[in-house]
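J.: Those protein sequence lines, which keep their order, are chains A and B. Residues in the first sequence are numbered consecutively from 1, following our numbering. Residues in the second sequence are numbered consecutively from 1001, following our numbering.
Among these hints, one or two may not hold up.
To list a few chain B residues with every Cβ distance to chain A over 12 Å, as calculated [as the list claims (entries may be wrong)]:
(1) ARG1257
(2) ILE1327
(3) ALA1387
(4) ALA1396
Pairs of lysine to any residue residues, derived as SDA-like cross-links and limited to a Cα-Cα distance of at most 20 Å, are as follows [what the hints assert, rightly or not]:
(5) LYS51/A - TRP1291/B
(6) LYS1264/B - VAL216/A
(7) LYS1052/B - LYS51/A
(8) LYS1052/B - ILE199/A
(9) LYS1319/B - GLN1354/B
(10) LYS51/A - LYS1264/B
(11) LYS1407/B - ILE1345/B
(12) LYS46/A - ARG1344/B
(13) LYS1392/B - ILE1345/B
(14) LYS1052/B - MET201/A
(15) LYS194/A - TYR1090/B
It is worth saying that the hints were derived from the structure and are not from the lab. No residue lacks a Cβ here, since even glycine has one placed at the ideal position from N, Cα and C.
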Amino acid sequence: MDAWLDWARGPAFVFSFVFLLLGLLRHVALTAWEVAHVWRRAGDRKLPLGKLLRATLLWLVPFTRLRHRFWFGLTSLVFHVCILVVPVFLAGHVALWARGLGLSWPAIPNAVADALTLLAVVTAVLLLGQRVFSRATRSLSRVQDFALPPLVAVPFATGFLMMHPGWNPFDFQATFFVHVMSANLLFVLTPLTKLSHMILMPSTQLVAELAWHWPVDSGSAVGRALGKEGEPV
Amino acid sequence: MAQQSGRYSYYEETRALEVTDRPRKFLEAFAAVLEHSSYGIALDAYARVGAKCSRCAASCQLYQATGDPRDIPCRRSELLLRVYRRYFTYGGMLRARLFADFALDDAAIDRMAEEFYRCTACRRCKLTCPFGVDHGLVTHLARYLLAEVGVVPKALVVSVREQLAGVGNTSGIPAAALRDTCEFLHDELQETYGADVPFPIDVEGAEHVFFPAVSDYLLEPDTLMGNAAVMHVTGGSWTIGTGNFDGINYGLFYSDRMMERICKRVGAEVRRLKGRKVLVGECGHATRSAWLLPNFLGADAPPAVAFLQYTYRALAAGKIPLKREKIAERLTYHDPCNLARAGRITEEPREILQAISAEYVEMTPNRSENYCCGGGGGTVSIDEIRAFRTRKMGKAKADQIRATGAKLVVAPCANCKKQLKEVCEDNGLEDVRVVGLHDLLLKCIDFGAAGGKGKE
Chain A
1 MDAWLDWARG
11 PAFVFSFVFL
21 LLGLLRHVAL
31 TAWEVAHVWR
41 RAGDRKLPLG
51 KLLRATLLWL
61 VPFTRLRHRF
71 WFGLTSLVFH
81 VCILVVPVFL
91 AGHVALWARG
101 LGLSWPAIPN
111 AVADALTLLA
121 VVTAVLLLGQ
131 RVFSRATRSL
141 SRVQDFALPP
151 LVAVPFATGF
161 LMMHPGWNPF
171 DFQATFFVHV
181 MSANLLFVLT
191 PLTKLSHMIL
201 MPSTQLVAEL
211 AWHWPVDSGS
221 AVGRALGKEG
231 EPV
Chain B
1001 MAQQSGRYSY
1011 YEETRALEVT
1021 DRPRKFLEAF
1031 AAVLEHSSYG
1041 IALDAYARVG
1051 AKCSRCAASC
1061 QLYQATGDPR
1071 DIPCRRSELL
1081 LRVYRRYFTY
1091 GGMLRARLFA
1101 DFALDDAAID
1111 RMAEEFYRCT
1121 ACRRCKLTCP
1131 FGVDHGLVTH
1141 LARYLLAEVG
1151 VVPKALVVSV
1161 REQLAGVGNT
1171 SGIPAAALRD
1181 TCEFLHDELQ
1191 ETYGADVPFP
1201 IDVEGAEHVF
1211 FPAVSDYLLE
1221 PDTLMGNAAV
1231 MHVTGGSWTI
1241 GTGNFDGINY
1251 GLFYSDRMME
1261 RICKRVGAEV
1271 RRLKGRKVLV
1281 GECGHATRSA
1291 WLLPNFLGAD
1301 APPAVAFLQY
1311 TYRALAAGKI
1321 PLKREKIAER
1331 LTYHDPCNLA
1341 RAGRITEEPR
1351 EILQAISAEY
1361 VEMTPNRSEN
1371 YCCGGGGGTV
1381 SIDEIRAFRT
1391 RKMGKAKADQ
1401 IRATGAKLVV
1411 APCANCKKQL
1421 KEVCEDNGLE
1431 DVRVVGLHDL
1441 LLKCIDFGAA
1451 GGKGKE
């Protein structure tokens, strides 16, 4: 078991984390390239930058955006806060980064981390519940939409059990292994699934606006490409 | 199709036997459009991030009215996004080879044709999408591609044909009839208000060249008289061009190729008359098309001025003298989606109305969160679907109007006006009148104080 755990915490983690970083970097690079490409060709280069910035910030910090679907919005918001704060600011994780790369930042108290961890698991279950029991949402959902919330909950549930060995009915090493491997799996999945929104989110408002800015003569260029220039209306 | 022959019935796959060229043509058009326009950047992002949270369902008035899951914006957009993913991304191509994934066939095209014309492209859902997915843009693009395989509502094509290959405007009004109409409106103003309000035609070098929805010349003379009166009392420099006096651009609803040709005709007329600005009458989609002019004409396109903005500025500068008595009836304002959704024109009409009305009330929701009249995206011109438009799509609007108790609804948009009149008729609101903003303003202008020879 120790060998497996060492593998999960060593090469498997390094691979998944590098995959995550490179994958996200690819998204950023592609988006930046596309934005530059579209803007360079556009006939109209005036963008409502103030409005775009405002919309982007409103959605990045969506506390004011809860009116429609209030309970869903609130669950989603709490879920996101928890899953962002705990992995980054848990004392145990901070210590790992300090040991591995010599980087260090303040940690949150373990009691707070416990509460947020439980909230993360509860909200993940609620999100899945809302997806399953709301007719509209269910009819839209793909496999990844059902699978991701429980998958995200796994590292949090196992992490909680590791912090409280007295309550853990399973073997500590096994729990540890599942904890690390489920996180590794999520790192790999992030650039490949809708989880990529963690990096694409800030660009979506800009992208939606830019898509309305076409090159001059785009219509006739399409007509030429399709051999329809002379065609009657 | 189930067939009955003797004892045994069997099922015949007629669709499978029918081979048409449409899927191939659709994909060819898709490829060409992706290459020569900018839609790719949005499709690429939407195909990657879409969270399928269905928050858009809570804001879509079509889904609220029908309760049919196919009307959820995110689900509708998926019809096009899956084509994009399958044929234009590596992941999709790989998936298709591994799992016999979705393939574009005639049935898929028919489904898109149906669903993308149920949506009015009002873009209300964009405001509630965490990722800002612009389902209106997806609808716009899908209709463009459908048009390239010959799927367009007849009403839209007929109008555009008249404009591009016929008389030169969507209502088929010849230049001579335009002159007559303007003369008539001039006389009408003289008779009713005692004011000598000119309708300048083909004046070279005017600052503004006027492009109303051309149907106003037939259906909304009061709006036009109001427009002319405002230009008169403010001393504005403007002209109507006989070469092209139609602001309508149904290309916006189904084809960028047509939209470009119509926009270029607008640009050509402004150049011919050596004008400087495009002054758009009371019309939502005409205003939005005019805002898109630089897309087609480049950076030196003439700037577009919406009439509401012109009037508001003039009023704020004290250039429009108003009578003391205001409109007594309770009135409310409908925000046309194409003006208000992106927050571009919301306050100007309210300021004007508050200046001329004794009892102005808001409908809720309003401004950028307004409900569509129900006839957006060109669907208002399709008479065959009136029952769907007014009773389903228009129901939210009818309820809103009823809740205000107003007997006057101001809608500065030719399409909204037609639709709202029908919505009121079909929803038991016969006593509600739908009018343009300049119709009312006209009644309140003090021509005497303006230095004209007013009766009063």
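J.: Taking the hints in turn, state whether each one holds.
T.: To see whether the hints hold, each was checked on the structure:
no. : hint                  : verdict
1   : ARG1257               : violated (4 Å)
2   : ILE1327               : holds (33 Å)
3   : ALA1387               : holds (25 Å)
4   : ALA1396               : holds (15 Å)
5   : LYS51/A - TRP1291/B   : holds (16 Å)
6   : LYS1264/B - VAL216/A  : holds (11 Å)
7   : LYS1052/B - LYS51/A   : violated (25 Å)
8   : LYS1052/B - ILE199/A  : holds (17 Å)
9   : LYS1319/B - GLN1354/B : holds (16 Å)
10  : LYS51/A - LYS1264/B   : violated (29 Å)
11  : LYS1407/B - ILE1345/B : violated (23 Å)
12  : LYS46/A - ARG1344/B   : holds (14 Å)
13  : LYS1392/B - ILE1345/B : violated (27 Å)
14  : LYS1052/B - MET201/A  : holds (15 Å)
15  : LYS194/A - TYR1090/B  : holds (17 Å)
Going through the hint list in order, the structure does not satisfy hints 1, 7, 10, 11 and 13.
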